[in-house]
Amino acid sequence: MAKEMIKGNVAVAEAAVRAGLVSYFGYPITPQTELLEYLSARMPELGRAFVQAESELGAINMVYGAACTGLRTMSSSSSPGVSLMTEGISYIYGTEVPAVLVDVMRGGPGLGNIAPSQADYTQIVHGGGHGEYHLIVLAPSSVQEAIDLTGEAFDLAEKYRTLAVILMDGFLGQMMEPCELPPFKEVNMESPDYAVAPKPGRERRFLTSINIDPPAQEKLNIHQMTKWEEITKNEVRYKGYYLEDAEYVVVGFGTCGRIALTAVREAREQGIKVGLLRPVSLSPYPTEVLNELADRAKGFLVVEMNNGQMLDDVVSIVARRAPVHFYGRMGGMVPYPDEIGRAINDMIEAKAANDYVGRDDWLAQMREMIGQGA
Amino acid sequence: MQYEILIAGFGGQGTLYAGQVLAYGGMDEGKHVTWLPSYGPEMRGGTANCTVVISEDEIGSPTSLHPTAVIAMNLPSLDKYEPMVKSGGWLIVNEDLVNRVPDRKDINIVMVPANTIAREIGNERAANMVLLGALEANLQILPEGAIERSLEANTGEKLKKFVHLNVEALRRGAEYKL
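Each protein sequence line maps, in turn, to chains A and B. Under numbering that gives the first Met the number 0, think of the first position of the first sequence as 0, with each following residue one higher. Under numbering that gives the first Met the number 0, think of the first position of the second sequence as 0, with each following residue one higher.
The shape of chain B in the complex, shown without the other chains (with noise of 0.2 Å):
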């Protein structure tokens, strides 16, 4: 099985860092990851987003046309790759910055109040990490708890201070299961 993720947002809010999140569970968990950040002339404010791909096998193609999920984390992400996933794939929506719902009919949508939750738990900055526990309660791509101990295990001394507030945006995000 191969697992495509998608992760989508405005510059500052911690897209690429929830993939590596996820990265990082699948290495400590034996799989083949890669994670492919967009880079360009960008700044805050700007687009950013990262595909992951965790496999049993030798990956190939680090991209992909056709996601098992996409993470949109504001509208412009979901207007842009909502077309893009999978039939019978996955679309994790922050609700807080979109105004609309999804159209598609063929594949799974959860809506995440994703800033409301992060605020609720004392940052904002964490909803990146609420929707990558969305994410992960649905999909069940590592054993469960996989990517809360590769936090604790990959966080530098100067971040560990985080690490609860992330487990707990996770675990609140992971409610969020169809």
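Just chain A, same shape as in the assembly (with noise of 0.2 Å):
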């Protein structure tokens, strides 16, 4: 098929018709916007559901109810959006009916602006909504990837009768790239065994995430966490690039992941022997190559478009066998290849010891590239 340029937020609306969407709920705001304007036109041109919410809140129960036919459903926003959705989040949850949910992040905290961000990173694979919780949540870096696995999280959602994210930024929703769509799914719309679509002579079913009795509600989070176990075991997705003889290892995903990419090949220009960890799932965590990797890098660098909140994980699983610094940009602030080669040397000059985390280092030097002083 001849390759098309797309951009990012339209890629992401054709590859989930594509997938076989039944039906959208959402609500606009940038820089997620075009999403939701695509699938308005596109979805009703094809006889499927398309519905602009009241708000965040409506859009993402309209998504619950849709969820528990079992058929293919989703939603999109951007960071304050999807704050007003975690209360629903939960609820598809813990009623274990599959959904997808696109966040296109944005500058926080706030109303922040529409400037693209990773600051959702600890919201979305952390939590954010109440009760425990674990969703997949998978970052692509490009509009190719974003196409491939928008497809596979309504595949991974419905396995697991669990929501998906595709998490993102307004980097990737605005940015066009040459990609390929892959062709129609045929859409289902035969409900699964557990769902409460209506079928003759079938008895009565009830879905819900309420638990009165304790004791029923601990079998179920045991139930689900089992469950994670297995997608923990079976659904880790990263892309390693030159790792093999890497004495020194840049970790950041999405759209820092690739501008981290091009700092690192200019280091390796340099004789640097860097390479790139990018995490594609976030959420279940690619912590197994990263162990192995701590067991002979002598050191880590973590870029993020945050405070440094995958920082966090990355320190906890290289557990002081290597040092770990930090260089982010914060508020939509998207850092440049250049910056990245900077802490890249810094890191390597540095020779810090093993238990070493870098991001008091990191926010004095912003602090004083700002002008703010110590």
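Please note: incorrect hints may appear among the correct ones.
Part of the chain A face toward chain B, derived, beta carbon under 10 Å [to be verified]: (1) Ile258; (2) Val263; (3) Pro336.
Mimicking EDC-like on lysine to aspartate or glutamate, the simulated pairs with C-alpha atoms at most 20 Å apart in a straight line are [to be verified]: (4) B:Lys157 <-> A:Glu3; (5) A:Lys2 <-> B:Asp56; (6) B:Lys85 <-> A:Glu338; (7) B:Lys79 <-> A:Asp337; (8) A:Lys238 <-> B:Glu57; (9) A:Lys2 <-> B:Glu147; (10) B:Lys159 <-> A:Glu3; (11) A:Lys2 <-> B:Glu55; (12) A:Lys272 <-> A:Glu338; (13) A:Lys6 <-> B:Asp27.
Rather than coming from a laboratory, the hints here were simulated on the basis of the structure. Using N, Cα and C, we set each Cβ at its ideal position, and we do this for glycine too.
Put the two chains together into one complex; each comes in its own frame, and the hints tell you how they fit.
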């Protein structure tokens, strides 16, 4: 198939359509709006359901309802909108029904701005809503990867009866790249056995997230943890670059991961043995490969468009076997490869102790950069 | 070889479109390409720019602090992006909308009266294509004629009538080869 040039937001929307999306519910918010706008024309054209809800709260609860039929459903939003959805996310997880959510992150906190950010890593990967849950979180770094992961997200959501999130940022949403769309999947309108869709002669079914009886709730919690164990075993995804002989390892995801690739290549040209680990599934996290790297690497550099949220995860996995440096930009700022290149050089020169964690030094450096002093 | 091209101007001057034309050309030649627009609460008359990266390999960063070439369609863009051009790189300037010559001595500078030329061929809005033509003639990022072929192939029916004008604008711009 010929390649097409498509914007990230639109590519994800069309990929969802081709994955057999039956219903979409959402509410516009920049920098994600093109996704919803595209589907507002595309879904009715195909005789499928598109609803612009009254708010994000409305949208996620419509998704909840649609997910109870077991048919493919999704929503999309950006950071503040996703915050509004977190209650619904917890309910969907608690009820164990499948859905896909796309979060095109922007600068925050609060209303923040519409520039690209990764500031919602912790919110999406480690919770956000109440109760205990683990979402499947996939972080593409190119338009093609966003397309591929969107298809996978629906399969995973269905396979494990859970919520899968595509976590990207405004950069990827707005960027155009040549890509190939997958062929159309047949739309499945046959509800699975657990679903509440009507079928004549069948016993009445009841889907809920309420478990008044604590032992019953605990039983469900154990079941969900067991399911998560399974997902952790089977669904880890990452991409490694120049890792075979790497003495130093940069860790970055999404947009930051691909910007780091340029910095790593430039460092390689200077003869520095540095590699890049780009986690694609942020949850489950590629713990095993990072664990192996920690046994032989002299140092790690985590790069993010936030204040070091994934850094905490890397630090806990590396477990003082090597220093973990950090470089990040916040507030909707995106690092240039040069900045990451400098951070690579700083890491090598520092010869820090194995229990070193770079956040404090990074913050001091940032204060100096914007002229606020220490 | 990797090219990083930044195209900047006022909103409405067609900076984003010029970048897309270049990006489509790269795609049709089988290159790796990224097209990244500046985006924000912007409007006609505000600033608009995009970065196009064209490479033989998988592209890492879609932005660059030191682009291979900058097309400056107006004075604010010249002021802002002249210092960024990579040493030995290229600065293509819309001579009609600036009041100074660039200061840099370590880069190649191409001054093009793009609005005047576009007016001559019948539509001032083709100034972006004049500048793109000058860029491509000097850098030869793609094989000869690739952008023209891509314009033909990727322009929708509604806008087909402008292809001829755009091609002429590209060719007139190409006359400004150093």
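Hint check results:
no. : hint                  : result
1   : Ile258                : holds, 4 Å
2   : Val263                : holds, 8 Å
3   : Pro336                : holds, 5 Å
4   : B:Lys157 <-> A:Glu3   : holds, 19 Å
5   : A:Lys2 <-> B:Asp56    : holds, 16 Å
6   : B:Lys85 <-> A:Glu338  : holds, 16 Å
7   : B:Lys79 <-> A:Asp337  : holds, 19 Å
8   : A:Lys238 <-> B:Glu57  : holds, 13 Å
9   : A:Lys2 <-> B:Glu147   : holds, 18 Å
10  : B:Lys159 <-> A:Glu3   : holds, 19 Å
11  : A:Lys2 <-> B:Glu55    : holds, 16 Å
12  : A:Lys272 <-> A:Glu338 : holds, 18 Å
13  : A:Lys6 <-> B:Asp27    : holds, 17 Å
Taken one by one, the earlier hints all hold for this structure without exception.
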